[in-house]
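Colleague: Next come the chains, spelled out residue by residue.
Number of protein chains: 2
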Amino acid sequence: MPNFSATVSVTLKTTVNDPEGLTIASALHSLEFEDVQTVRVGKIFTITLQSSTKKSAEQQVDEMCKRLLANPVIETYSFKVVKN
Amino acid sequence: MPNFSATVSVTLKTTVNDPEGLTIASALHSLEFEDVQTVRVGKIFTITLQSSTKKSAEQQVDEMCKRLLANPVIETYSFKVVKN
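Read top to bottom, the protein sequences are chains Y and L. Residue numbers 1 to 84, in the working numbering, belong to the letters of the first sequence in order. Residue numbers 1 to 84, in the working numbering, belong to the letters of the second sequence in order.
To be clear, the hints were calculated from the coordinates, so they are not data collected in a lab. Mixed in with the good hints there might be a few duds.
When chains are identical, the list treats them as one kind, so a pair holds in a single copy or across two.
Restricting the straight-line Cα-Cα distance to at most 16 Å, the calculated cross-link-like pairs of lysine to aspartate or glutamate (EDC-like) are [unchecked claim]:
1) K43 / D18
2) K13 / E32
3) K43 / E75
4) K80 / E32
5) K80 / E63
6) K43 / E20
7) K54 / D35
8) K55 / D18
9) K83 / E34
10) K13 / D35
11) K83 / E63
12) K83 / D35
13) K54 / E75
14) K55 / E32
15) K13 / E34
16) K13 / E63
17) K55 / D35
18) K54 / E20
19) K66 / E32
20) K80 / D62
21) K80 / E34
22) K13 / E75
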């Protein structure tokens with residue numbers, strides 16, 4: 001089966017408070033990056049998987065996001081699958 | 001000054017062990033995603049900042065990566081700046 005590589009971004013919903021992002025913004029201000037307005041932090045997963053077609057790889061990755069990688073209550077996700 | 005939005009990805013170098021990724025790969029196998037081969041985990045930062053030009057925004061973000069966001073010993077970074 002061909003190999004695919006998926007890049008999944010999981011970020012907090014905009015309505016959810018992000019203390020890590022606030023801390024980083026404050027640290028950037030201390031380092032004299034005063035033009036920084038907001039910082040939001042998320043996770044990125046790079047997954048390699050085998051699949052018969054690109055469509056089935058995308059379906060699998062979507063399922064992984066729903067079941068493990070993202071918490072749908074507070075997070076949103078997006079991903080891109082490319083053939084290796 | 002115009003607003004820019006930067007998306008910064010910080011990932012572990014491929015030679016660096018990623019125990020979080022290994023744990024997630026193992027969890028995905030347990031959830032019957034048996035075609036998953038490897039998982040690598042990184043961070044994504046979404047930064048909004050003011051800057052006079054796109055070029056100066058990119059220079060600022062590059063500087064932020066070097067000084068705070070990434071650890072150059074074990075991590076690599078990439079970013080994309082777009083005008084809001």
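Colleague: With reference to the structure, classify each hint as holding or not holding.
Modeller: Hints, verified against the model:
For the identical chains of this complex, K43 and D18 are neighbours both inside a copy (13 Å) and across copies (14 Å), given an alpha-carbon limit of 16 Å. In this homomeric assembly, K13 and E32 never come within 16 Å of each other (Cα to Cα): the closest approach is 28 Å inside a single copy and 28 Å across copies. Proximity of K43 and E75 under a CA criterion of 16 Å is satisfied in both settings, with 10 Å inside one chain copy and 14 Å between copies. Taking the closest pair of Cα atoms, K80 and E32 never come within 16 Å of each other, the shortest separation being 35 Å inside a single copy and 21 Å across copies.
In this assembly of identical chains, the alpha carbons of K80 and E63 lie at most 16 Å apart only when taken from the same copy (14 Å versus 28 Å across copies). With identical chains, the CA atoms of K43 and E20 are at most 16 Å apart both within one copy (12 Å) and between copies (12 Å). In this assembly of identical chains, K54 and D35 lie within 16 Å of each other by CA distance solely across copies; the values are 13 Å between and 41 Å within a copy. In this assembly of identical chains, the alpha carbons of K55 and D18 never lie at most 16 Å apart, being 33 Å within a copy and 28 Å across copies at closest.
With identical chains, the CA atoms of K83 and E34 are never at most 16 Å apart, being 41 Å at best within one copy and 18 Å at best between copies. Taking the closest pair of Cα atoms, K13 and D35 never come within 16 Å of each other, the shortest separation being 23 Å inside a single copy and 30 Å across copies. With identical chains, the CA atoms of K83 and E63 are never at most 16 Å apart, being 18 Å at best within one copy and 33 Å at best between copies. Taking the shortest Cα distances, K83 and D35 sit within 16 Å of each other only across copies (14 Å), while inside one copy they are farther apart (39 Å).
In this assembly of identical chains, the alpha carbons of K54 and E75 never lie at most 16 Å apart, being 25 Å within a copy and 29 Å across copies at closest. Taking identical chains as interchangeable, the C-alpha atoms of K55 and E32 are never at most 16 Å apart, the minima being 46 Å within one chain and 18 Å between chains. When the C-alpha separation of K13 and E34 is checked against a cutoff of 16 Å, the pair qualifies neither within a copy, at 25 Å, nor between copies, at 30 Å. In this assembly of identical chains, the alpha carbons of K13 and E63 never lie at most 16 Å apart, being 19 Å within a copy and 27 Å across copies at closest.
Taking the shortest alpha-carbon separations for K55 and D35, only the inter-copy value of 14 Å comes in at or below 16 Å, while the best intra-copy value is 42 Å. Taking the shortest alpha-carbon separations for K54 and E20, neither the intra-copy value of 35 Å nor the inter-copy value of 26 Å comes in at or below 16 Å. Proximity of K66 to E32 under the C-alpha cut-off of 16 Å is restricted to the inter-copy arrangement: shortest distance 14 Å between copies versus 39 Å within a copy. Taking the shortest alpha-carbon separations for K80 and D62, only the intra-copy value of 10 Å comes in at or below 16 Å, while the best inter-copy value is 24 Å.
Taking the closest pair of Cα atoms, K80 and E34 never come within 16 Å of each other, the shortest separation being 33 Å inside a single copy and 20 Å across copies. Proximity of K13 and E75 under a CA criterion of 16 Å is satisfied intra-copy only: 5 Å inside one chain copy versus 26 Å between copies.
When the structure is compared with the earlier hints, violations turn up for hints 2, 4, 8, 9, 10, 11, 13, 14, 15, 16, 18, 21 and for no others.
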